[in-house]
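**Q** Sequence:
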Amino acid sequence: MTETTFKITLGQLNPTVGDIAGNAAKARAARAQAKADGAALVAFPELFIAGYPPEDLVLRPAFQAACREAIEALARETSDGGPAMLIGTPWVDDGKLYNAYALLDEGRVAALRFKVNLPNYGVFDEKRVFARGPVGGPLKIRGVRIGVPICEDTWVEESAEYENVVECLAETGAEILVVPNGSPYAKGKSDIRLSISVARVTESDLPLVYLNQVGGQDELVFDGASFVLNADRSLAAQLPCFEESVVTLQWTRSAEGWHCTGPVAPQIDGDKADYAACVLGLRDYVRKNGFPGVLLGVSGGIDSALCAAIAVDALGAENVRGVMLPFRFTAQVSLDDAARLATALGIRYDVLPIAPAVTGFEEILSGVFAGSPSDITEENLQSRARGTLLMAMSNKLGAMVVTTGNKSEMSVGYATLYGDMNGGFNPIKDIYKTEVFRMASLRNAWKPEGALGPSGEVIPPCVIARPPTAELREGQLDQDSLPPYDLLDAILERLVEREEPLAAIVAEGFDHDVVVRVDRLLNAAEYKRRQAAPGVKVTRRNFGRDRRYPITNRFRDSGKSLPAPDETLVSRASRSSAEAFQE
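Residues 1 to 583 (full-length UniProt numbering) make up the sequence shown, in order.
These aren't lab readings, by the way, just hints derived from the structure by calculation.
Below 35 Å or equal to it, Euclidean Cα-Cα: the simulated DSBU-like pairs (lysine-lysine) are: (1) 189 / 288; (2) 528 / 272; (3) 140 / 96; (4) 189 / 96; (5) 288 / 127; (6) 26 / 288; (7) 272 / 187.
Derived Cβ-Cβ restraints for the label pairs, each shown as a range: (8) 202 / 173: 13 to 23 Å; (9) 124 / 60: 17 to 27 Å; (10) 367 / 565: 55 to 65 Å; (11) 79 / 418: 54 to 64 Å; (12) 531 / 171: 45 to 55 Å; (13) 96 / 18: 17 to 27 Å; (14) 398 / 119: 32 to 42 Å; (15) 418 / 559: 29 to 39 Å; (16) 234 / 123: 29 to 39 Å; (17) 418 / 336: 25 to 35 Å; (18) 119 / 531: 24 to 34 Å; (19) 514 / 377: 24 to 34 Å.
None of these values were measured; they are calculated from a predicted model.
Quick reminder that beta carbons are idealized off the backbone N, C-alpha and C, glycines included.
Generate the whole structure from the sequences, applying the supplied hints.
**A** Encoded structure:
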C-alpha cells in the first residue's frame, strides 16, 4: 500500500562522548515521545551512541563492542511495533571500522549505511580512524524510501576523490533525504549549511532533513539548528539553536512527492550566537567533566567581567565564585567595579590581597636577581601569585578555574604562563578583544534563551568604557605594549583566519612595520598557546584544532610581494603523470 502520510521525529539531542548508556537513554526517551506522537521513524545525529567526535577513543575494541551492544539492545526494543530508529554508531564490518547509520526496526538491526566521504580538514580527522564506506541505496521504512547520506556526503561535490552520494540515492529511488550531522558551530556556518543543502535539493529534487546534534564537546560547540527543506527549496521546519529539541514532523505525499510541515523556531546569529556558544561550551565542559562549579579571578576589567557573566548564565550564580586579587597597582576603580559586578551577578566574592606572596617571592629571589634591574619579571610575579592562589582554591574546593584571556591576547602572547593563563577552560579564547567589548554591551541588553543569570545590566558600563590595563605597574595600559585593539584585531583576523601574506595586508592600507611586528608576535607566542587551556571555538580557525603550527619554526614572511613561480625550473619528471599526459 502506498503511504500518503508519514511522521518523522527528529532527536536534536546533546550526547556525551563515551557515555554510551546515557546516550542510549536519551534515544529511548525520544523514541517514547515519537511513539506517543504516532511517528513511523525517529532519527538521531551522526555517531550519536558514541558521542561526536569520539577521536581516537573509537579505535578501542572495547569501546566499539560497547557501542554495538547498545545498538543491538535498542534494536531488540523495536519489536514492540513502535517507530523505527535511525541512529549513528561506529561499526566494525569485515575488520574495518565505519562511521555508520543503523536502521533499527522489528527487533533487529535491519540495515546499515556507511559514511562514504570522510572529512580531513579543519577540526575533522576522520580518515585516520574510519574506513571509507561504499555508496548504498535508500532504506525502505514503512513503505517510504529514505536516503541517508551522512554529513560530509552532502557537503562535497563529485570529484576524483569524492562520490556524489545524493545523486546516487536519487537515481536509486530515494523519496526523502535524512542527513545526520555532527556540524560544529562557527561564525556564518548556518548560511553555509543552508546553501549546501539547497544545492543538494536542487540537484536531486528531493526534500532534505538536516539533523544536527547540540552541545559542547571540549573546544567544539554544536548548535543544533536542524532544518527541513521541501523539494521546492522552501523551509519546512526549523529547530531551535543551542538547545535540545525533539520534534515530530508531518509529511504528506502528493503527485509532486513528499511535502513537510513543521514548526519554525527563531534563530540567532552574529554576536548573539557567539555568546550563546560560549555559554553552552562552558556549561557542558563543566557538567560533562563533573566539576561542582567554577571560580575565576575578577580584576575589574572587561575580560573577566564577560567571563563571569558567561559562567553565571551557564551554571547559575550559586556555582560561580569570583576572587579579587589586588596588589598596590590595583586601582580603587578596579576594586569598586569588581564588587559591583559580583553584586549584579549574585556570585560569592572574595578579596585576597597578594602583597605577602609577591614580596615573599621577591625576597626568595633577591640573591639570584642581585644586580639585575627590575623588569617584566617582577611584573609577572604578580600574575603568577594570582594563578597560584586560584589553583590552590581549585584544589581545595574542587571548582574549576576559568581563565579569561581573549583571542587577541592569545595571538600575540600578551599573557603570563602559570599566571593569568592558569585554568581548566576559557570561554572567550576564540573571541577577539573588539568582540569582547561588543559582547559585554550586548549582554547588558539581552541574554540567551535558557541562560541562568539575571536579566538587565550585569557588567558595569564603566568597565566597558575604561581603557584596558593589566595593572602590573603604575599607569599601565594595554596599548603601551600593543597596537590599538581595533587595528590589532583587523590584522590578526587577516593573519589567523585568512592566512593572508603580509604584502597583501599592507596593500590594504596597513602600516608595514606594524603588520610585520604583529606577525612576529603571533609566531613567537606559539609555545604559550600550546600550554593554554582549551576554549570554545567560534571562528573559522581557532588555535588548536584548526590552526596547527610548529613551535620550532624559523620561517618568517618578509612582507615582500610574492614572486611568480619560475616554471622553467620545474622538471618534467617532478610533475604529476596527469600533467605530463595532458602535454
